[in-house]
Amino acid sequence: MAQVQLFGLWGSPFSCRVEIALKLKGVEYEYIEEDLSNKSPLLLQYNPIHKKVPVLVHKRKPIAESLVILEYIDETWNERNPILPHDPYERATARFWAKFIDEKCIFALWKACWSEEKEREEAAREACEHLQTLEDVLKDKRFFGGDMIGLVDIVANFMGFWLGIIEEATGVKLLTEEKYPKLYKWSEEFVNCSAIKENLPPRDKLLAYMRARYGVSITY
Amino acid sequence: MAEESVKLLGYWASPFALRVKWALKLKGVHYEYVEENLPNKSPLLLRYNPVYKKIPVLVHNGKPLAESLLIIEYIDEAWKQNPLLPDDPYERANARFWAKFFDEKCVPEVMGAFASKGEEQEKAAKARENLKMLERALEGKPFFGGDKIGFLDIAVGWIGIWGRIVEEIAGVSLIDAETMPLLTAWLNNFLEVPVIKACIPSWHELLEHNKGFHKILTGSST
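Note that the protein sequences, when read in sequence, are chains A and B.
The first sequence begins at 1 in the numbering used here and counts up by one.
The second sequence begins at 1001 in the numbering used here and counts up by one.
Bound conformation, chain A alone:
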């Protein structure tokens, strides 16, 4: 049995985050694709509380919840490519923005793209407010982590990659270059970053999935 295993899902941004972190740290791992409509007994054994992916298993000990897993990876494989900064205040700030993205941004963006017409305006207003917040946090840095990607960049992978695909599938435009030039530029840097690029799901496959799952017809 491999020392490190990751139970994941090909199209999940949460699962992808963990793969990015493992690749950044140069950790070899065995990847196990889960079928969420038919969860494996191992997954249910390793994550009995939430029964979700991702789950990292290291030396037979399971860890669930992507933010918790990311910190575990950073603390366990701490010789290279730190995900969190050294300074306690900067660490706390990074954790704050990671939590903000997970608790506020992703849901607001998702709702803004998939809501019914009448709810979309309010959802979009909230989503845009959060995008502006992130734009202001980024300032003139290349990445949220500074010169290198860090925790917030990894957690913002939804904005970096998934959002653009959902925008294409639904026709809703949120993260535009005109409104959020810094964040837009960041998203381009993000997907071109070598540690990220190799770990993103295939774009066409994800786009087709989004269209099919949410009933938007494709005409060529």
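Calculated from the structure, these hints are not laboratory results.
Among the clues, some could well be false.
As the list claims (entries may be wrong) - DSBU-like, lysine-lysine: derived pairs with alpha carbons at most 30 Å apart: (1) A:K197 with A:K59; (2) B:K1080 with A:K25; (3) A:K99 with B:K1105; (4) B:K1063 with A:K185.
Since the structure of chain A is provided, determine the placement of chain B on it from the hints.
For chain B alone, kept in the frame of chain A given last:
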């Protein structure tokens, strides 16, 4: 040596502010406490926490931090004495996992039981189910932190007080000694630790305050 300044913006009836007080006291950190007059939030609070506009906010040498669990982790890293999180990365991950579970799966259910009119029993049942799961993290230890209190103890401990208040006001059962013997025993020990006990607000005042709250939330009369 430059003088260090630590300020905590809080609210006397907030369990989240209490968590941070516990952490500061356990570390022996001197701080200035600033009581916010909720719901009239001060300009200082709005400046220090523009994203959520909530307490608690810790201000250390002029630099603000929000979100109670993050503040506790910061306190643990900025002041090394009496560590709150364990050394081992796996144990740390466990503590963070359960604190997150408590905040995301237990607290909303408890609030739900408190705030609903007509559905309080169902919501309390769900809260009990989730609270019971916390016993897995105790594993026969006196505290979540092992032999002494740690991060997870101070994250969860307030439920011993507020839980009883919700039980009394909403007429529900949340922490049941029969089905949750480990949690009950832990709470009894935790709330008696002197530094913990010293920070707890007056039961009577909390009860009255929350009775008023309950009336507003459920639209009920006396």
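Pair hint B:K1063 and A:K185, alpha-carbon separation not exceeding 30 Å: holds, 29 Å
Agreement of B:K1080 and A:K25 with the hint, judged by alpha carbon distance not exceeding 30 Å: Holds, because 27 Å separates the two Cα atoms, which is no more than 30 Å.
30 Å Cα cutoff - pair A:K99, B:K1105: holds, 16 Å
Holds or violated: A:K197 to A:K59, with C-alpha atoms at most 30 Å apart: holds, 28 Å
In summary, this structure violates none of the numbered hints.
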